[in-house]
Amino acid sequence: MHILFFLQYVIKKSCLSHYNKPRNKFFRKVGSLESYENFQNYLAGYDPADVVENLKDQESQQKMFDLVTSVLPLIKPERKHLINLCLKYGFRYKHIAQVMGKSTKQTVDEVNRAIEDIKKIVAVRNRNEKKFKPELEQKAVSERQSQVLKLRCEKKFSFAAIAEQLNLSQKQVHEEFMAAYKFAQQHKLQSL
Numbered sequence: 020m021h022i023l024f025f026l027q028y029v030i031k032k033s034c035l036s037h038y039n040k041p042r043n044k045f046f047r048k049v050g051s052l053e054s055y056e057n058f059q060n061y062l063a064g065y066d067p068a069d070v071v072e073n074l075k076d077q078e079s080q081q082k083m084f085d086l087v088t089s090v091l092p093l094i095k096p097e098r099k100h101l102i103n104l105c106l107k108y109g110f111r112y113k114h115i116a117q118v119m120g121k122s123t124k125q126t127v128d129e130v131n132r133a134i135e136d137i138k139k140i141v142a143v144r145n146r147n148e149k150k151f152k153p154e155l156e157q158k159a160v161s162e163r164q165s166q167v168l169k170l171r172c173e174k175k176f177s178f179a180a181i182a183e184q185l186n187l188s189q190k191q192v193h194e195e196f197m198a199a200y201k202f203a204q205q206h207k208l209q210s211l
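Heads up, the working numbering is the position in the sequence shown plus 19, with the first residue counted as 1.
If you are wondering where the hints come from, they were derived from the structure by calculation, not from laboratory data.
One should not assume that every hint holds.
Unchecked claim - Cut-off 20 angstroms, straight-line C-alpha distance, at most; resulting in silico cross-link-like pairs (PhoX-like, lysine-lysine): (1) K107 to K95; (2) K44 to K82; (3) K99 to K138; (4) K113 to K99; (5) K190 to K169; (6) K201 to K169; (7) K75 to K99; (8) K158 to K139; (9) K82 to K138; (10) K99 to K121; (11) K95 to K139; (12) K175 to K158; (13) K121 to K138; (14) K107 to K158; (15) K99 to K44; (16) K113 to K124.
What the hints assert, rightly or not - Computed Cβ-Cβ distance ranges for the label pairs, DEER-style: (17) R111 to N73: 41 to 49 angstroms; (18) D69 to V29: 26 to 34 angstroms; (19) G109 to K40: 16 to 24 angstroms; (20) K75 to Q125: 18 to 26 angstroms; (21) Q80 to Q191: 38 to 46 angstroms; (22) R111 to K40: 34 to 42 angstroms; (23) E56 to Y200: 35 to 43 angstroms; (24) V127 to L86: 44 to 52 angstroms.
A quick note: this is a predicted structure, and the numbers were derived from the prediction, not measured.
Ideal placement from N, C-alpha and C gives every residue a C-beta, glycine not left out.
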């Protein structure tokens, strides 16, 4: 007898689910916003400019994160481990202190020292990149640069003699000569 009721119950439920399945599928499809193209335009408070701004913020944050992760191998292993716990895994100072067996104050100080180390390394790296960054291409040689180039190449003056004659420092003479020489080399190659 139990089997009979059980079979009736199962058949009834399967018939109902078979009947309701297309209707449920239809309402699910109609009810889901993702099935509509550009559904964000119909939502209240949606602003495409905010999306672009958020993407720019996200890109800049990702660049900064990549910069920090590229610098991590250069700091002490313990500090590197602390930064990884904070950045990658989102641990709080209290939890890190408990795991490492230190006080929260010591952990905070150590993380701050690690951050200062990272800032110093990034600052040095940025300074070095600015030094070696190729200067913008000049459109013409200045009068001073042409004088330095003529005195150096045609009259074979030393940089010290050129500096005396033009009342410049030797460093300025070197910079002017290099800029003029690069300009001359680029235009020789372009004319060929």
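Checked hints:
The suggested pairing of K107 with K95 holds, with an alpha-carbon distance near 17 angstroms, which does not exceed 20 angstroms. Straight-line distance between C-alpha atoms of K44 and K82 comes to about 43 angstroms, which puts the hinted pair past the 20 angstroms bound. With a CA separation close to 13 angstroms, the supplied pair K99 and K138 stays within the 20 angstroms bound. A hinted pair counts as satisfied when its Cα atoms are at most 20 angstroms apart, and K113 with K99 qualifies at roughly 18 angstroms.
Taking the CA atoms of K190 and K169, the gap is about 17 angstroms. The hint holds against a cut of 20 angstroms. With a C-alpha separation of about 14 angstroms, the suggested pair K201 and K169 falls inside the 20 angstroms cut-off, and the hint holds. Between K75 and K99, the direct Cα distance comes to roughly 28 angstroms. Violation of the 20 angstroms bound is thereby established for this hinted pair. In summary, the hint linking K158 to K139 is not supported, as the alpha carbons are separated by about 36 angstroms, beyond the 20 angstroms threshold.
A distance of roughly 15 angstroms separates the Cα atoms of K82 and K138; the hinted pair therefore holds under the 20 angstroms criterion. Straight-line distance between C-alpha atoms of K99 and K121 comes to about 17 angstroms, which keeps the hinted pair within the 20 angstroms bound. Taking the CA atoms of K95 and K139, the gap is about 14 angstroms. The hint holds against a cut of 20 angstroms. A C-alpha spacing of about 26 angstroms is found between K175 and K158, which places the hinted pair above 20 angstroms, so the restraint is violated.
Note on K121 and K138: the hinted pairing is violated, with a Cα-Cα distance of about 25 angstroms set against a maximum of 20 angstroms. Simply put, K107 and K158 have alpha-carbon atoms about 47 angstroms apart, too far for the 20 angstroms limit, and the pair is violated. At most 20 angstroms may separate the alpha-carbon atoms for a hinted pair to count; K99 and K44 exceed this at roughly 52 angstroms. Restraint check for K113 and K124: the C-alpha separation of about 9 angstroms stays at or below 20 angstroms, so the hint holds.
For the pair R111 and N73, the supplied restraint of 41 to 49 angstroms is violated, since their beta-carbon distance comes to about 26 angstroms. At roughly 52 angstroms, the beta-carbon separation of D69 and V29 lies outside the given 26 to 34 angstroms, and the hint is violated. Restraint check, G109 to K40: a C-beta distance of roughly 43 angstroms breaks the suggested window 16 to 24 angstroms. Between K75 and Q125, the C-beta spacing of about 38 angstroms breaks the proposed range 18 to 26 angstroms.
The beta-carbon spacing between Q80 and Q191, approximately 41 angstroms, falls within the hinted interval of 38 to 46 angstroms. R111 and K40 have their C-beta atoms about 48 angstroms apart, which leaves the hinted 34 to 42 angstroms range violated. Our hint of 35 to 43 angstroms for E56 and Y200 is violated, since their Cβ atoms are close to 59 angstroms apart. In this structure, V127 and L86 break the distance hint of 44 to 52 angstroms, their C-beta atoms being roughly 23 angstroms apart.
Of the hints listed earlier, those the structure fails to meet are numbers 2, 7, 8, 12, 13, 14, 15, 17, 18, 19, 20, 22, 23, 24, in rising order.
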